[in-house]
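Engineer: In case you want the letters, here they are:
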Amino acid sequence: DGGITQSPKYLFRKEGQNVTLSCEQNLNHDAMYWYRQDPGQGLRLIYYSQIVNDFQKGDIAEGYSVSREKKESFPLTVTSAQKNPTAFYLCASSGGRLLSGNTIYFGEGSWLTVV
Amino acid sequence: SQQGEEDPQALSIQEGENATMNCSYKTSINNLQWYRQNSGRGLVHLILIRSNEREKHSGRLRVTLDTSKKSSSLLITASRAADTASYFCATDAKETSGSRLTFGEGTQLTVNP
Numbered sequence: 001d002g003g004i005t006q007s008p009k010y011l012f013r014k015e016g017q018n019v020t021l022s023c024e025q026n027l028n029h030d031a032m033y034w035y036r037q038d039p040g041q042g043l044r045l046i047y048y049s050q051i052v053n054d055f056q057k058g059d060i061a062e063g064y065s066v067s068r069e070k071k072e073s074f075p076l077t078v079t080s081a082q083k084n085p086t087a088f089y090l091c092a093s094s095g096g097r098l099l100s101g102n103t104i105y106f107g108e109g110s111w112l113t114v115v
Numbered sequence: 116s117q118q119g120e121e122d123p124q125a126l127s128i129q130e131g132e133n134a135t136m137n138c139s140y141k142t143s144i145n146n147l148q149w150y151r152q153n154s155g156r157g158l159v160h161l162i163l164i165r166s167n168e169r170e171k172h173s174g175r176l177r178v179t180l181d182t183s184k185k186s187s188s189l190l191i192t193a194s195r196a197a198d199t200a201s202y203f204c205a206t207d208a209k210e211t212s213g214s215r216l217t218f219g220e221g222t223q224l225t226v227n228p
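Respectively, the protein sequence lines represent chains W and D. Under the numbering used here, the final residue of the first sequence carries the number 115; numbering is consecutive throughout. Under the numbering used here, the final residue of the second sequence carries the number 228; numbering is consecutive throughout.
So here's chain W without its partners, still in its complex pose (with noise of 0.2 Å):
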């Protein structure tokens, strides 16, 4: 089936350490975004990636990286510079410029806890 794969669902972190979110997509779109989620709140953008090897800082990238080396990946690095870490992270895709009208795709989001 076709669709956005995060992962781990849950996910903690102990302080001082980093940790890599997953996303992968078969859905063959180009653009790519990381948002995080606290409780009871909307989304913030932290990275976003039109095209391979190529990426652009979100609302709030500090303590947080991202690569993008191949289409169907783009994984999210939650550095120990983050130090609010704890939220939910959803990944998402597009198949085009969303000015054209296209929409965002997202994965089911994983669960980061500090411990």
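Among the hints, a few may not be true.
As the list claims (entries may be wrong) - Stretch-level coverage of chain W by chain D, calculated; a stretch enters the list once three of its residues show a Cβ under 8 Å from a Cβ in chain D:
1. 48–60
2. 65–79
3. 100–110
Hint data in this document are derived by calculation from the structure and do not stem from the laboratory. Even glycine gets a Cβ: it sits at the ideal position worked out from N, Cα and C.
Put chain D on the given structure of chain W with help from the hints.
Structural biologist: Showing chain D alone in chain W's frame:
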């Protein structure tokens, strides 16, 4: 920057009633989209309305857009318990050239059976 803001933040209605949620935004847009999120899940696209459209329907959903007031509304008619979810508006701002969507804070809808 937070582009979309929904109100109310929470809405509780009885099954069969209509639910109306509003969204306001700040900058010029190419289009506006509405998404639904069940608790602890990813978002699912519901409907898109372009900046040159004023109203759009999809099944029990009706969306309006008033670009002069920078606002949109989502109406769900004859609501069902299964409509219980959070609803978000998302804007594709002209200033970002269609490269990203900015989401609002969402409206938590509860439909009581």
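Engineer: It remains to establish, for every hint, whether it holds in the given structure.
Structural biologist: Structure-based check of all given hints:
no.: 1; hint: 48–60; verdict: holds (count 5)
no.: 2; hint: 65–79; verdict: violated (count 0)
no.: 3; hint: 100–110; verdict: holds (count 9)
Hint compliance for this structure: hint 2 is the single one not met.
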